[in-house]
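So the chains spell out like this:
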Amino acid sequence: MALMTATHSHRDMPFPHRHLLGIEGLQPHEILGLLDRADEAVEISRQVEKKKSVLSGRTQINLFFEASTRTQSSFEIAGKRLGADVMNMAVSASSVKKGETLIDTAATLNAMHPDLLVVRHHAAGAVHLLARKVGCSVVNAGDGPHEHPTQALLDALTIRRHKGKIARLTVAICGDIAHSRVARSNIILLNALGARVRAVAPSTLLPSGIDKMGVEVFQDMREGLKGADIIMMLRLQLERMNGAFIPSVREYYRYYGLDAEKLAFAKDDALVMHPGPMNRGVEIDAAVADGPQSLIREQVEMGVAVRMAVLEALAAHLPNH
Amino acid sequence: MATDAPKPLVLSNARVIDPARGLDAPGSIVVADGTILAAGPEAANQGAPYGADIIDCGGAIAAPGLIDMCVSVGEPGAEHRETLASASDAAAAGGVTTICTMPETDPVIDDPALVDFILRRARDTARVHVHPLAALTKGLEGREMTEIGLLQEAGAVAFTNGHSSVRNAQVMRRMLTYARDFNALVIHHTEDPDLAGGVMNAGLNASWKGLSGVPREAEIIMIERDLRLVGMAKGKYHANLISTSDGAEAIRIGKTRGLDITAGVSINHLTQNENDIGPYRTFFKMSPPLRDEDDRQAMIAAVADGTIDLIVSNHDPQDVETKRHPWAEAEDGAIGLESLLAAALRLYHADQVDLSTLLGAMTHRPADRLGIDAGRLSAGAPADIVVFDPDRPWILEKRAIRSRSKNTPFEDARFSGRVLRTVVAGRTVYEYA
Numbered sequence: 000m001a002l003m004t005a006t007h008s009h010r011d012m013p014f015p016h017r018h019l020l021g022i023e024g025l026q027p028h029e030i031l032g033l034l035d036r037a038d039e040a041v042e043i044s045r046q047v048e049k050k051k052s053v054l055s056g057r058t059q060i061n062l063f064f065e066a067s068t069r070t071q072s073s074f075e076i077a078g079k080r081l082g083a084d085v086m087n088m089a090v091s092a093s094s095v096k097k098g099e100t101l102i103d104t105a106a107t108l109n110a111m112h113p114d115l116l117v118v119r120h121h122a123a124g125a126v127h128l129l130a131r132k133v134g135c136s137v138v139n140a141g142d143g144p145h146e147h148p149t150q151a152l153l154d155a156l157t158i159r160r161h162k163g164k165i166a167r168l169t170v171a172i173c174g175d176i177a178h179s180r181v182a183r184s185n186i187i188l189l190n191a192l193g194a195r196v197r198a199v200a201p202s203t204l205l206p207s208g209i210d211k212m213g214v215e216v217f218q219d220m221r222e223g224l225k226g227a228d229i230i231m232m233l234r235l236q237l238e239r240m241n242g243a244f245i246p247s248v249r250e251y252y253r254y255y256g257l258d259a260e261k262l263a264f265a266k267d268d269a270l271v272m273h274p275g276p277m278n279r280g281v282e283i284d285a286a287v288a289d290g291p292q293s294l295i296r297e298q299v300e301m302g303v304a305v306r307m308a309v310l311e312a313l314a315a316h317l318p319n320h
Numbered sequence: 000m001a002t003d004a005p006k007p008l009v010l011s012n013a014r015v016i017d018p019a020r021g022l023d024a025p026g027s028i029v030v031a032d033g034t035i036l037a038a039g040p041e042a043a044n045q046g047a048p049y050g051a052d053i054i055d056c057g058g059a060i061a062a063p064g065l066i067d068m069c070v071s072v073g074e075p076g077a078e079h080r081e082t083l084a085s086a087s088d089a090a091a092a093g094g095v096t097t098i099c100t101m102p103e104t105d106p107v108i109d110d111p112a113l114v115d116f117i118l119r120r121a122r123d124t125a126r127v128h129v130h131p132l133a134a135l136t137k138g139l140e141g142r143e144m145t146e147i148g149l150l151q152e153a154g155a156v157a158f159t160n161g162h163s164s165v166r167n168a169q170v171m172r173r174m175l176t177y178a179r180d181f182n183a184l185v186i187h188h189t190e191d192p193d194l195a196g197g198v199m200n201a202g203l204n205a206s207w208k209g210l211s212g213v214p215r216e217a218e219i220i221m222i223e224r225d226l227r228l229v230g231m232a233k234g235k236y237h238a239n240l241i242s243t244s245d246g247a248e249a250i251r252i253g254k255t256r257g258l259d260i261t262a263g264v265s266i267n268h269l270t271q272n273e274n275d276i277g278p279y280r281t282f283f284k285m286s287p288p289l290r291d292e293d294d295r296q297a298m299i300a301a302v303a304d305g306t307i308d309l310i311v312s313n314h315d316p317q318d319v320e321t322k323r324h325p326w327a328e329a330e331d332g333a334i335g336l337e338s339l340l341a342a343a344l345r346l347y348h349a350d351q352v353d354l355s356t357l358l359g360a361m362t363h364r365p366a367d368r369l370g371i372d373a374g375r376l377s378a379g380a381p382a383d384i385v386v387f388d389p390d391r392p393w394i395l396e397k398r399a400i401r402s403r404s405k406n407t408p409f410e411d412a413r414f415s416g417r418v419l420r421t422v423v424a425g426r427t428v429y430e431y432a
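Those protein sequence lines, which keep their order, are chains A and B. Numbered according to numbering that gives the first Met the number 0, the first sequence spans residues 0 to 320. Numbered according to numbering that gives the first Met the number 0, the second sequence spans residues 0 to 432.
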């Protein structure tokens, strides 16, 4: 795999935001700046000596109201590679009365003077609310079905390193778009960088107004994959599988599961992505997930790099810097 | 309210507006023993009663005090959010002289003794008239009917299921039928609970925010269902809070069919739309949800042409503990008593609704619908009066809010139109300093 270098670097463009709450509100050059930083972080992560000291002495708290092994460990490794002291805090949703803990926990944590707060919450807008109540920088690690900005950034980084660009690529996002923060962040980011975005899903899994969200809509997956450069599969949550949104897993797999036969409708060099964790045999066939066109494992590597880039960019705004 | 008789009062040099009789002319209002002796140009030539306080209104408008038919108060059960006393202070400051209290308290007002409790508490602590609305179904659960007759005798002026709709059409049909025998008004929230199921207006805005939507059809379907049931039951029905153009259209058609129906709208749906929500600001979360600008304009047009009969504040005090949550987990509701008139005057200043229609929707029309003696400036009527300057600018500051809860969507809003004096039963209960 050749590492494509951007013709001119946005690496040192200023990143004028105190928080990263979403892709919405980021300028294209700011997105590219983060991707350029992330390219460097990939190199660092592949060295034997992986440590930088840019966050040395800083405290990063990963506050997860919703369990997520991969995102949490990705942020943890990213923070540690930059020299931060990282603490993980899991807040079980069932053990506390709804919402109360959000503000309470925010106030408690704020009193401990963290520098960076990485937050995952099951409710849309929860991270915005929290960001208003604390004095440190906040990174949205996923808020309900709203946004998951670092996922979209890592997807973009993965795509750019393989295709050399984002602009004018055709990207088909397939699956439960209605409930997906990954889809929303990706739709915004890919449009900002000039890609052609498609949404492929049964109508019950499309948000209302989808046709005005900057995507071309397909209910027929084969049509939707025709000529696509990138296929982004989304995870189908268990609670949506049994009758409320789709009748059954086997019917869903028949029409919207990515298998070799459907994949053949995309371009020959099309690449397959998935934010994980995958349901093999539900939205994606095991042979495709583990096949030569799959970038799914590489996405995990890029996840660490992108999160390093984000933490580093936000560190520029930390006080006393 | 204290029982000793207030001093006579003359409000002179006023622009007297009495929408019930189409009066809008310079004049005075003469009050004695808590009732109006005369109001209008003819009153200007009458002498003042002996010992009267004479107030020069300086050309400001004097109109019937407002009647707000949809007010939530935290008493009993949530006095930290609002008491009858604090709600009445807020009402008085907003020019509202009569409030109808929603039964969604703890306990629910579904028993005659509780209606009596509200009335006694109001008598002892409130400065404006308080009329309880009683629950339409026991516990507001939408299953068993309440004692319409006994509740009415106790003083309930109408019956409502609060901010939830009766899901079961058969139950609703029986309620309308039974209530008819007592000539009781059924006030209904019109949102199909199954279809509603979301937390903001359905559409692109909700989709980008990752929030589940309440489709407009949830309202339209419930109104259309209800109107069919009203037709069967020949009942007396009021759609409490409508928010969509199609909902208004259904009401319009229902009225041409001769049904005994009326409709109301909250001041929020006349002055705000879903874009005001901004970054998940929960003070703008309410039921029905704020809709888009087309629907807001349709609501204004429906008030102007009389399809919508009443404007209410839908005052609903919520505190920090219920509002400072992620959007989906925050409670619905916004306070509105203090800003009701000022916000409504925005429609007048925008030349969208004339003053008489606007005030009528908050005075004689709710009074007529409820069958209460209020909302008029005719001789012999209770002296409930608001004096206001329609052009005086002011800013709604959080620290000046009289409600115990501060969940206003109008924080720091600029208004043109300031209440200068509020008179209830001949007694001044609010005076702008």
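One thing to keep in mind: the hints can contain errors.
Example chain B residues on the side facing chain A (calculated, C-beta under 7 Å, incomplete) [to be verified]:
#, residue
1, L203
2, L210
3, G212
4, G277
5, P278
6, K322
7, P325
8, W326
9, E330
Once the Cα atoms are required to be at most 20 Å apart in a straight line, the calculated PhoX-like pairs of lysine-lysine come out as [claimed, not checked]:
#, chain 1, residue 1, chain 2, residue 2
10, B, K254, A, K132
11, A, K225, A, K266
12, A, K79, A, K51
13, A, K132, B, K6
14, B, K254, B, K322
15, A, K162, A, K225
Pair by pair, the computed Cβ-Cβ distance ranges are [said to hold, decoys possible]:
#, chain 1, residue 1, chain 2, residue 2, range
16, A, H16, B, K397, 57 to 63 Å
17, A, Q236, B, S415, 48 to 54 Å
18, A, L317, B, R166, 41 to 47 Å
19, B, K397, A, H112, 26 to 32 Å
20, A, P15, B, G277, 16 to 22 Å
21, A, E222, B, R142, 48 to 54 Å
22, B, A349, A, A106, 41 to 47 Å
No lab work stands behind these hints: they were computed from the structure. C-beta: ideal position from N, C-alpha, C; glycine also.
Status of each hint after checking the structure:
{"no.": "1", "hint": "L203", "verdict": "3 Å, holds"}
{"no.": "2", "hint": "L210", "verdict": "5 Å, holds"}
{"no.": "3", "hint": "G212", "verdict": "6 Å, holds"}
{"no.": "4", "hint": "G277", "verdict": "10 Å, violated"}
{"no.": "5", "hint": "P278", "verdict": "5 Å, holds"}
{"no.": "6", "hint": "K322", "verdict": "10 Å, violated"}
{"no.": "7", "hint": "P325", "verdict": "3 Å, holds"}
{"no.": "8", "hint": "W326", "verdict": "5 Å, holds"}
{"no.": "9", "hint": "E330", "verdict": "10 Å, violated"}
{"no.": "10", "hint": "B/K254 with A/K132", "verdict": "50 Å, violated"}
{"no.": "11", "hint": "A/K225 with A/K266", "verdict": "7 Å, holds"}
{"no.": "12", "hint": "A/K79 with A/K51", "verdict": "9 Å, holds"}
{"no.": "13", "hint": "A/K132 with B/K6", "verdict": "52 Å, violated"}
{"no.": "14", "hint": "B/K254 with B/K322", "verdict": "38 Å, violated"}
{"no.": "15", "hint": "A/K162 with A/K225", "verdict": "18 Å, holds"}
{"no.": "16", "hint": "A/H16 with B/K397: 57 to 63 Å", "verdict": "28 Å, violated"}
{"no.": "17", "hint": "A/Q236 with B/S415: 48 to 54 Å", "verdict": "50 Å, holds"}
{"no.": "18", "hint": "A/L317 with B/R166: 41 to 47 Å", "verdict": "53 Å, violated"}
{"no.": "19", "hint": "B/K397 with A/H112: 26 to 32 Å", "verdict": "29 Å, holds"}
{"no.": "20", "hint": "A/P15 with B/G277: 16 to 22 Å", "verdict": "21 Å, holds"}
{"no.": "21", "hint": "A/E222 with B/R142: 48 to 54 Å", "verdict": "49 Å, holds"}
{"no.": "22", "hint": "B/A349 with A/A106: 41 to 47 Å", "verdict": "42 Å, holds"}
Checked against the numbered hints above, the structure breaks hints 4, 6, 9, 10, 13, 14, 16, 18 and satisfies the rest.
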